[in-house]
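Mind docking chain B on chain A? Use the hints.
There are 2 protein chains.
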Amino acid sequence: MPDQSRQLVLNAFLMHAGHHEAAWRHNAQAPADYLPLKHWVEVARTAERGLLDSIFFADVPALQAPDRRPSESLDPTVQLAAIAAVTERIGLIGTASTTVEEPYNLARRFASLDRLSGGRAGWNVVTTGGDVGFNYGINPWPEAPERYRRGDEFVDVVLKLWNGWQDDAVVGDKGTGVWADPTRVHAADHHGEFFDVQGPLTVGRSEQGHPVVVQAGSSGPGIALAAKYAEAVFTAQRTIEEGRDFYSTLKAATLKAGRNPDHLKILPGIVTVLGGTEAEAKAKAEALDDLIVLDHAHEQLARAVGLPIEQVPLDAPLPSAVRAPDETTGSRYQLTLDLARRENLTVRQLLRRLGGGRGHRVFAGTPEQIADQIELWFTTGASDGFNIMPATLPDTLTDFVDGVVPILQQRGLFRTEYTGSTLREHYGLPVPADRSAIADLRVG
Amino acid sequence: MPDQSRQLVLNAFLMHAGHHEAAWRHNAQAPADYLPLKHWVEVARTAERGLLDSIFFADVPALQAPDRRPSESLDPTVQLAAIAAVTERIGLIGTASTTVEEPYNLARRFASLDRLSGGRAGWNVVTTGGDVGFNYGINPWPEAPERYRRGDEFVDVVLKLWNGWQDDAVVGDKGTGVWADPTRVHAADHHGEFFDVQGPLTVGRSEQGHPVVVQAGSSGPGIALAAKYAEAVFTAQRTIEEGRDFYSTLKAATLKAGRNPDHLKILPGIVTVLGGTEAEAKAKAEALDDLIVLDHAHEQLARAVGLPIEQVPLDAPLPSAVRAPDETTGSRYQLTLDLARRENLTVRQLLRRLGGGRGHRVFAGTPEQIADQIELWFTTGASDGFNIMPATLPDTLTDFVDGVVPILQQRGLFRTEYTGSTLREHYGLPVPADRSAIADLRVG
Numbered sequence: 001m002p003d004q005s006r007q008l009v010l011n012a013f014l015m016h017a018g019h020h021e022a023a024w025r026h027n028a029q030a031p032a033d034y035l036p037l038k039h040w041v042e043v044a045r046t047a048e049r050g051l052l053d054s055i056f057f058a059d060v061p062a063l064q065a066p067d068r069r070p071s072e073s074l075d076p077t078v079q080l081a082a083i084a085a086v087t088e089r090i091g092l093i094g095t096a097s098t099t100v101e102e103p104y105n106l107a108r109r110f111a112s113l114d115r116l117s118g119g120r121a122g123w124n125v126v127t128t129g130g131d132v133g134f135n136y137g138i139n140p141w142p143e144a145p146e147r148y149r150r151g152d153e154f155v156d157v158v159l160k161l162w163n164g165w166q167d168d169a170v171v172g173d174k175g176t177g178v179w180a181d182p183t184r185v186h187a188a189d190h191h192g193e194f195f196d197v198q199g200p201l202t203v204g205r206s207e208q209g210h211p212v213v214v215q216a217g218s219s220g221p222g223i224a225l226a227a228k229y230a231e232a233v234f235t236a237q238r239t240i241e242e243g244r245d246f247y248s249t250l251k252a253a254t255l256k257a258g259r260n261p262d263h264l265k266i267l268p269g270i271v272t273v274l275g276g277t278e279a280e281a282k283a284k285a286e287a288l289d290d291l292i293v294l295d296h297a298h299e300q301l302a303r304a305v306g307l308p309i310e311q312v313p314l315d316a317p318l319p320s321a322v323r324a325p326d327e328t329t330g331s332r333y334q335l336t337l338d339l340a341r342r343e344n345l346t347v348r349q350l351l352r353r354l355g356g357g358r359g360h361r362v363f364a365g366t367p368e369q370i371a372d373q374i375e376l377w378f379t380t381g382a383s384d385g386f387n388i389m390p391a392t393l394p395d396t397l398t399d400f401v402d403g404v405v406p407i408l409q410q411r412g413l414f415r416t417e418y419t420g421s422t423l424r425e426h427y428g429l430p431v432p433a434d435r436s437a438i439a440d441l442r443v444g
Numbered sequence: 001m002p003d004q005s006r007q008l009v010l011n012a013f014l015m016h017a018g019h020h021e022a023a024w025r026h027n028a029q030a031p032a033d034y035l036p037l038k039h040w041v042e043v044a045r046t047a048e049r050g051l052l053d054s055i056f057f058a059d060v061p062a063l064q065a066p067d068r069r070p071s072e073s074l075d076p077t078v079q080l081a082a083i084a085a086v087t088e089r090i091g092l093i094g095t096a097s098t099t100v101e102e103p104y105n106l107a108r109r110f111a112s113l114d115r116l117s118g119g120r121a122g123w124n125v126v127t128t129g130g131d132v133g134f135n136y137g138i139n140p141w142p143e144a145p146e147r148y149r150r151g152d153e154f155v156d157v158v159l160k161l162w163n164g165w166q167d168d169a170v171v172g173d174k175g176t177g178v179w180a181d182p183t184r185v186h187a188a189d190h191h192g193e194f195f196d197v198q199g200p201l202t203v204g205r206s207e208q209g210h211p212v213v214v215q216a217g218s219s220g221p222g223i224a225l226a227a228k229y230a231e232a233v234f235t236a237q238r239t240i241e242e243g244r245d246f247y248s249t250l251k252a253a254t255l256k257a258g259r260n261p262d263h264l265k266i267l268p269g270i271v272t273v274l275g276g277t278e279a280e281a282k283a284k285a286e287a288l289d290d291l292i293v294l295d296h297a298h299e300q301l302a303r304a305v306g307l308p309i310e311q312v313p314l315d316a317p318l319p320s321a322v323r324a325p326d327e328t329t330g331s332r333y334q335l336t337l338d339l340a341r342r343e344n345l346t347v348r349q350l351l352r353r354l355g356g357g358r359g360h361r362v363f364a365g366t367p368e369q370i371a372d373q374i375e376l377w378f379t380t381g382a383s384d385g386f387n388i389m390p391a392t393l394p395d396t397l398t399d400f401v402d403g404v405v406p407i408l409q410q411r412g413l414f415r416t417e418y419t420g421s422t423l424r425e426h427y428g429l430p431v432p433a434d435r436s437a438i439a440d441l442r443v444g
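Which chain is which? The protein sequence lines are A and B, in order.
Per this note's numbering, residue 1 is the first one in the first sequence, and the count goes up by one each step.
Per this note's numbering, residue 1 is the first one in the second sequence, and the count goes up by one each step.
Extracted from the complex, chain A is given alone in its bound form (with noise of 0.2 Å):
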């Protein structure tokens, strides 16, 4: 019998069309349609009716190639406001980098986020591997150490931010006109080696608390960074033995930083595509791979890895020279990279396996073989749960809500109906402690 009081957690990660590079080339709906905000309205009403904890958008600070697949992408926080007023319980977590943001304006725009909905917001922290310090006058990019000491300063100041007004600082007493007590709203009084911000932050505090702070990085200072602050991680993790090293590499540090591992919820990515038979689930995934343009991924391949074109020809294996590009960003692409030689995938093998969930797992299958991965997983120390990515998206997201839902609800692995209404709640995290206890911060 599954450990009833141990929450399986389940995320909703969309991504426009679906994960699927070629998703917008095999749905039904027209090219237009994925940016409005009535696509966004039914994915996410079809999350919240399969119970899910929550919905996370990815996010990059600058336009990828914009000719292949559907390129273009809103803030993730006007995005997610706007979801919020259409739904009541689930979820709503997104990205911002620590590299490109004002801690103060990044506080305050996921507070925003967190009140407005109830105490259900949640920051994915990232300080973004990629160059795109362009789009920001920063030149040259930070390497990984400075972004990272930088995302650790961030998440310190967005923390003291955000817990500076105590839950009882507002006494809105009409009799003697007193709105709030000042003495209970506490400045962040922050002087560091990257930010001076003194606050307080224009937000109180929510329904949660603060919003949940989540860590997508898998790289050793990505590790060190969730130890410290995450409550929940994003990961990509290609095997269960993969994924049971890392979570236990990472329930230790959680250990080792001091904090309660079960206040860290492990989700490993998995890209899903369902079919009534497993066939007919593989002949979808199949079709799929089939509309990848692969000329342009192989340039685009070529390119990271600095090498000529003809020097990474399709038919062969990936040449010995290939390796990741960067220590930290390339954790996923490193583990593909791996899997490629592994599995002694040719480049056109490892493009077709790249365009379906870019270094996530792609998992073709019945329901009832996905509900068993999530539940192999779960109960054998692999994953708290699971980022479940729609390859294709209304559809492959109905398809998990209405059949792999409950299947796992039979099993007794996964809520019958929302028992709380904040994210903390659905993830089973504790309120964090306001700044009261912090005399000396106190202003007024």
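Rather than coming from a laboratory, the hints here were simulated on the basis of the structure.
Don't take each hint at face value.
[Claimed, not checked] Partner residues aside, some chain A positions facing chain B, computed with beta carbon under 7 Å:
(1) Val78
(2) Tyr136
(3) Gln198
[Unchecked claim] List of simulated lysine to aspartate or glutamate pairs, EDC-like, C-alpha gap at most 16 Å:
(4) A:Lys228 with A:Asp156
(5) A:Lys228 with A:Asp152
(6) B:Lys174 with A:Glu280
(7) A:Lys38 with B:Glu88
(8) B:Lys174 with A:Asp33
(9) A:Lys174 with B:Asp67
(10) A:Lys284 with A:Glu299
(11) A:Lys174 with B:Asp290
(12) B:Lys174 with A:Asp67
(13) A:Lys282 with A:Glu368
(14) A:Lys174 with B:Asp33
(15) B:Lys228 with B:Asp152
The C-beta atom is built at its ideal place from N, Cα and C for all residues, glycine as well.
Chain B in isolation, oriented as in the chain A frame:
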């Protein structure tokens, strides 16, 4: 007969419990009711029911004195995105500061709001006069000339980013797998005194091209910036003579800047208090003023003018040493001081005026009387409409929509249904050109 081709613009400038600083004490609502989404949904839907052109949120990115009035403030783009999801037509204008933001992030956030809302967004450009550098490590806070030089370049960058995607850039050819034509997506390629921003933006143009550019400064540099870029100006004008002076000055400056003056809408603010009779409205205004906590406002005034509080006695006129604290941001303040002197107000009377509308004109009267004012200003060269500032929310807005709008409609001054779906269509503004003519900036 009014000129039917000229459209009266009515924008609702909204602030937590209302513009009157004691509104939260007067209103029926519980103090905690002003920040949740429910309040803003109700207010925005009322404004839309009244066919108003737009709603607007001011913004200062620092906590104002939290003790005497609802002091929390959410990020306007996040708040407006949530409202976008529960409204259909009304414009959505938010304030953001060119002094504490990055152009790429700001351009992206407002473009995201514009896309999600189907072309209903507007950006109110401010340079933020009061020092908020303590939240951003900016010390000293730049003086007005530098702030406006940066602001000018900032708007230039944002416009380049907003117009980068040609309207025909997305091809969406499922057969060939071509999503977008990269030769139709243009970089900003901006390299200036303050910013180096390459682009392109991650977001294409909306149904209205890009968000409407609004400007709120009425000082010298504010007028120059408005003449160059603004499509609407929110201003504080206390008398119709002042209003006509400002109107003709700004329209002339716009013409001189090479633009069509009809494409810049001038909207003075008017704080409204409504009643079934004039006596009832004035009694409500008095009751509100009686709820202002004078000792607190008194302290603030003394601090603002740099005098010890005992040198600013409550029941005497303002000392002659008192002047506006800054030539730029003090413009509204200056108007108020001028009024105090002109009407020989005591400090107590002045504080009641300031508490009622922070320097904006306060008008308490019947719907008929306010409609008369609006018509007079609109038809005699003092404004293109008004920035309606309900003294209390939601009731004063409801009073305006149910009482004043029908009168303006009967007089043929205001729409009886929305004829367009974008903010530009409501305001009667043209869709700006994209950057397709700028061949040398093409990328790809």
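Evaluated hints:
1. Val78: holds, 4 Å
2. Tyr136: Cβ of Tyr136 (chain A) sits 6 Å from chain B, so the hint holds.
3. Gln198: With a minimum Cβ separation of about 4 Å from chain B (threshold 7 Å), the hint on Gln198 (chain A) holds.
4. A:Lys228 with A:Asp156: holds, 10 Å
5. A:Lys228 with A:Asp152: holds, 9 Å
6. B:Lys174 with A:Glu280: Judged against 16 Å, a Cα distance of about 22 Å means the pair is violated.
7. A:Lys38 with B:Glu88: Holds, at roughly 12 Å.
8. B:Lys174 with A:Asp33: With a Cα-Cα distance of about 13 Å, the restraint between Lys174 (chain B) and Asp33 (chain A) holds, given a limit of 16 Å.
9. A:Lys174 with B:Asp67: Judged against 16 Å, a Cα distance of about 12 Å means the pair holds.
10. A:Lys284 with A:Glu299: violated, 26 Å
11. A:Lys174 with B:Asp290: holds, 13 Å
12. B:Lys174 with A:Asp67: holds, 12 Å
13. A:Lys282 with A:Glu368: Distance ~14 Å between Lys282 (chain A) and Glu368 (chain A) Cα, so the pair holds.
14. A:Lys174 with B:Asp33: Holds. Lys174 (chain A) to Asp33 (chain B) sits at ~13 Å (cutoff 16 Å).
15. B:Lys228 with B:Asp152: It holds: about 9 Å lies between the C-alpha atoms, which stays within 16 Å.
Figure legend: structure checked against the earlier numbered hints; hints not met, in rising order: 6, 10.
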